[in-house]
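Participant: Residue numbers (this note's numbering), protein chains in the order written: chain A, 1 to 497; chain B, 1 to 497.
Source of the hints: derived by calculation from the structure; they are not laboratory data.
Keep in mind the model is a prediction, meaning the values are calculated, not measured.
Possibly wrong hints are sitting among the right ones.
[Unchecked claim] One-sided excerpt, in silico: chain B residues whose CB lies under 7 Å from chain A:
1. T245
2. I249
3. D254
4. N256
5. Y268
6. D281
Note that the Cβ used here is the ideal one computed from N, Cα and C, for glycine as well.
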Amino acid sequence: MRFIPVLALALFVAAQMTVAAPQELESALVEVTATYQESDPFLPWQQKPPGLRRGYGILVDNSHVLTTENLVRNHRLVELRKIRTGEKIAATVELSDCQIDLALLKITNDADDIETSPVKMAEHVASTGSVEILQFDETSQLQRGKAQIVNISVSELPTAPYPALIFSLLTDLNVNGEGAIAVCDGKIAGLIVSYDPGTRVGRMLPYSMIDHFLKDALKPPYKGFATAGVIWTSLIDPVKRAYLGVKQNGKGILVLSCLPGTGSAETLKPNDVILAWDGNSIDNLGFYEDPDFGRLGFANLIKGRREPGDVVPLTIIRDKVEKTIDVRLDRWLDSAALIPENVTGEQSEYLVEGGLIIREVTGRYLKSRGPEWQQEVDSRLVHLYLTQRYSPSQPGAHVVILSGVLPASINIGYQNNQDMIITALNGKPVRNMTDVFRIVDSEISIKRVSLQSFGVDIVLDQSELVDSNLKIAELYRIPALRYQRKLFSSILPQSDK
Amino acid sequence: MNRAKTKYLYVALLLAICLVVPRSQANSLSDAQASVVKIHVTIQREDYVMPWQGGEPVGATGSGFIISKKRILTNAHVVSDAKFIEVQKFDDSRRFKAKVAFIGHDCDLAVLTVDDPDFFAGTSPIKFADTLPSLSDDVTVLGYPMGGDRLSVTRGVVSRIDYNVYTHSEVDQHLVLQVDAAINPGNSGGPVLFKGKVVGLAFQGLALSENIGYAIPLPVLNHFLRDIEDGAYNGYPELGVSFMTTRNIALRRDLNLPGDRGGIAVHYVDPFGSAKGYLRDRDVLLSIDSYPIADDATISLDGNAVLFAELLERKQCGDSVKFKVWRNNAEIEVLVPLINPRDPFVYRNIYDTRPDYYITGGLVFAPLTREYLRAQHKNQGSMNYQQLIYYSQYAKVDGLYSNKDEFVVLIARLPNTVNTYSESFINGIITEVNGVAISNLKDIKKAIEGQKEAFNVFRFAGVNDLLIMDAGNARRADREISLQYGISAREHFREAR
Chain A
1 MRFIPVLALA LFVAAQMTVA APQELESALV EVTATYQESD PFLPWQQKPP
51 GLRRGYGILV DNSHVLTTEN LVRNHRLVEL RKIRTGEKIA ATVELSDCQI
101 DLALLKITND ADDIETSPVK MAEHVASTGS VEILQFDETS QLQRGKAQIV
151 NISVSELPTA PYPALIFSLL TDLNVNGEGA IAVCDGKIAG LIVSYDPGTR
201 VGRMLPYSMI DHFLKDALKP PYKGFATAGV IWTSLIDPVK RAYLGVKQNG
251 KGILVLSCLP GTGSAETLKP NDVILAWDGN SIDNLGFYED PDFGRLGFAN
301 LIKGRREPGD VVPLTIIRDK VEKTIDVRLD RWLDSAALIP ENVTGEQSEY
351 LVEGGLIIRE VTGRYLKSRG PEWQQEVDSR LVHLYLTQRY SPSQPGAHVV
401 ILSGVLPASI NIGYQNNQDM IITALNGKPV RNMTDVFRIV DSEISIKRVS
451 LQSFGVDIVL DQSELVDSNL KIAELYRIPA LRYQRKLFSS ILPQSDK
Chain B
1 MNRAKTKYLY VALLLAICLV VPRSQANSLS DAQASVVKIH VTIQREDYVM
51 PWQGGEPVGA TGSGFIISKK RILTNAHVVS DAKFIEVQKF DDSRRFKAKV
101 AFIGHDCDLA VLTVDDPDFF AGTSPIKFAD TLPSLSDDVT VLGYPMGGDR
151 LSVTRGVVSR IDYNVYTHSE VDQHLVLQVD AAINPGNSGG PVLFKGKVVG
201 LAFQGLALSE NIGYAIPLPV LNHFLRDIED GAYNGYPELG VSFMTTRNIA
251 LRRDLNLPGD RGGIAVHYVD PFGSAKGYLR DRDVLLSIDS YPIADDATIS
301 LDGNAVLFAE LLERKQCGDS VKFKVWRNNA EIEVLVPLIN PRDPFVYRNI
351 YDTRPDYYIT GGLVFAPLTR EYLRAQHKNQ GSMNYQQLIY YSQYAKVDGL
401 YSNKDEFVVL IARLPNTVNT YSESFINGII TEVNGVAISN LKDIKKAIEG
451 QKEAFNVFRF AGVNDLLIMD AGNARRADRE ISLQYGISAR EHFREAR
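Bound conformation, chain A alone (with noise of 0.2 Å):
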C-alpha cells in the first residue's frame, strides 16, 4: 500500500570511525549478474529485447545469495562471480518479493557450493554514524568508500510503491550496481539498493529489514512483510480536530478508509482517528519516536516490527469518544487490489478470441502508454485507477477489458473498440481472468462480449470461430491464444508482487 509520503528531513551531523571489512565479508561479496526480459504490455504474448543488469549479493551460507528483487526482476537467466575470479556460477531465484526489494537466490549446482563463515549481521547503526561500502572494481578487485548516513526515514522503495526504513548516504564512492554492501564494525548495516551519481547520494536498506527477510526467508514457508491495510492523511487543521472531537494537542491521523479484505477493515472505521498505534503515539503528522531511529513514518512499526497475523492495540477516537480496539495485521498482495500494480511486470494472463483481446487492466498496463498516459487512457479507466484501484466491490475482483481487436473477417465491426470495460462474458458476469477462463472452459468459446454502457453485444460467429482462432495466432503470429496462471502459483512466494 502506498502511504501519503510525508519525509522528515533530518539531518544528522557527521561522525567518523569505520573499520575495515573483515577478510569474511570480503570472500562473501559476489557479483550477481541477471538477464531479463519483460513481456510487451500491449501484447502479452510478446517480449521485449532482453537485458542485462548487473549488481552485487552476499553469501549467507555455502548455497543462499541475498540480493535485490529488482535486480533479478523478470530473470532469465542469474549467473554470480567472485571477487578476482572470472567463473560464472549459475542460480536460481528461490525467493523474491518486491515490497522489501529484496531477493534469495540458490547456487544451482552443489558443487558450486562455497566455503564460507556466515556473515554477521550489525544490531546497531548509529544514525549518525559512517558506514564502508563494498564492491567490485573492473578488474573484479575489492573497491571500498566511506559513507556517512545523512538521513534515516519510511519512504517508498525505489523499485516499487511500498514505504520501507530507507537510511540515505552520501558516500565518495562512485557505487557501481545495486546490492552493494554497506558494513559497519565488520558487520552487515545493509544493502544499497539505488544510488544517484548527481547528488552522490545512495538509499540504503537496512540490516534490520534485511535480517527480518532473511529469518523469514529461510524458513519456510515465507510469511513477508506485515501491511495495516490503513489509508488515511493528516490530521492538522484545527476546526477539523475540534469537529471530530479531537483534544490531544498534536496528536493522532485520520482514517479515510480500509483496504477491503485486510483486518483493519474489521475493526477500523472511515473519520476514526489514530492517537497511539502499538503503544506510540502517533502525531498529527503519523509519525511516532523510535528508540533505534528517532523519528520515523509510523508505517515501520508495522513493517519493521511486527509480522503478518500480529494483532496490534490502538488508541482511538470514534465519534468524539476515545477507545482501544485491535488491528490485526495483514500480508497484502497486489493481486488483492481492484488494479493491481504489477510493478514487477510478471506476464499478464490473457485470452484472444477471435481476436478480441480480453485481459485485466493493471497500472503497469495503463503508465506504459508514457508519461502522459493519464491523458492518453480513456478517462473512465483513469479515474478507476486513481480513485478505487485499492478497492474491489468483491474480493477478487478485477477490471476485465476489451484491450483491442486483433482486424479480421470474424471481427468486422467490432475493430474501433478499445479498452472497453466487459460486464459478461456469454451472458455471465465477469469480474476478473479466472471468471473468464473459467466461462471459456465450461462453455468451449466466446459467443457474446457485452460492454459496459454499450447497448448493443459483440457476438462472435462459432461457425467461423476455430478456424478463425487458428488463421489469427497464425497471421499475427501468436504462439498461444490464453496465457493462464497456474492455479497454484498464487499461493507461491515468486509470483507474489
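Fit chain B to the known structure of chain A by using the hints.
Facilitator: Quick look at chain B alone, frame taken from chain A:
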C-alpha cells in the same frame, strides 16, 4: 475535445498596419463586393478562473455581407462576447454601430442589424446560389483578412464537402465546404462565391496545413436563416443516438436482421436527445424518411453517399423524422419529433453569458464548464482534474448526472486563515454540503445559509476526506476576503435556471 485544438478561428487581432492596397479592378464581382462589410469588434471574454471579473477587452476584425431585410450575416465567433460592434462598407470610410439580432453558436452564424438607415443606403443584398457547387468548381472568397485594410479577393476550387466539427462550439458537427483559396484571420464571415452568388461563408482553417480553408456551406446558412424567421433562434435539433455498423454477420443473426447488408444498430440513446423514448438500444435503423441507411450509416442523396445525419441537418426543431426500425424481429415505423434540448452535460463552449459562481469562506464554487477545464489544463496530472475530465466525458453514459442539474466544482481558494487546509480539495466535485445533496450551485448557498451548527461540512466525489470549516468564522471572513482580493460580488447566478 483534443481534435478541435488543432483548428483556429479566423478573427484577426486588430493590427495597426497601414499598407496601401491598390484598388481592385472593377469586374463581375463588383455587385457582390459592394455587399461585403468589415466588422470591427471589441471582445471581452469571461474569466472562468476569477469569474467575478471580466477578461481583457481586445479589438478584432471580421467580415460579413449584406443580406435581405437590411441585415448582415457573419460568423457567431466574430461577434461573440462582443461589447462594441461597428460595421464598415466597401470603399466607405464611415463606421456604423451595429448590434446582434440573432446568434447561433451551434452553427457559428449571426445576424447583425444597424439602426442608422444611412448604412444601407445604396446597398443591395448579396445573391444566394440555389445549390452547392461541385468538386473542383472555381470559387472566390471575399473579405477583410489580415495583411491590409481593404477588401481582399482570393480564388480557389471546392476541394471537399464533408462533415466536420465547428470549432466555435467544439462540439457540433455540420457540413463544411473545404476550399483551397486562401482563408486567413479576418476572412471570417466573408462570402464564398460561385458565379457571383453565395455558396458559403468563410469561417475556419486548419492549423499546420496549407491551402485548406473551411466555409459554412449554403444548406447551413439557409437552415439558420429559416430558423430565425419566427423571431427566435432554436438551433439544430439533436437526435441523440450512438450506433454501430451491422456489417458483422454474427451480429446480424443475433438481431435476427433479414438480408446481409444495411442498417445501423443503436447502442446508446442520449437521455437529453430527441430519440429518448422513441428509439432504444438494439434498434436497427433501416431507413430515414424512406432513404435506406447502409451499414456504414450513409444514405444515397442526389446520387452521393452521405451520412444519414445530413438529412437531419435539413430539419428544424418541431419537425419530425421517420425511421424504419427493426425491433423485436419486426420492422416498425418510428416517428421522432425533433427537439433541441438544453443539455447541460454536453459541454459546448459558452458565450455571451456571465459565469455563475458562489463564494463562501474564500472557497469559490462554480459549475463545471468547458472553459474551466481548459483553464485548468495545466493541472492535468492531478487526480481531481482527471475526475473532472471523466465526469465531463461520461456524465450521461455512466449515469453520473443522475439527480444533478450540473456538476459543481470547488474551483479556487482565496487564501485566508479560515480555509488554510482546503488546498487538496480544489477541483473536487461537491456532492454534499451540511448533509444536503448538491444538485446545482444554488443548493450550496442554501446549505451554507441554512446551517445552524458550528461547522460547514463539505463532501466531494471520489474522496473520503471531509472539508470542514468553522461556519461562524467563515461568515465573518467573507467581507474581509472580498476586500482582500477585490471581489465586487460574492455570487452570480443566472436568472433562469
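Participant: Each hint needs a verdict: does it hold in this structure or not?
Facilitator: A quick look at each hint next to the structure:
no., hint, result
1, T245, "holds (5 Å)"
2, I249, "holds (6 Å)"
3, D254, "holds (4 Å)"
4, N256, "violated (12 Å)"
5, Y268, "holds (6 Å)"
6, D281, "holds (3 Å)"
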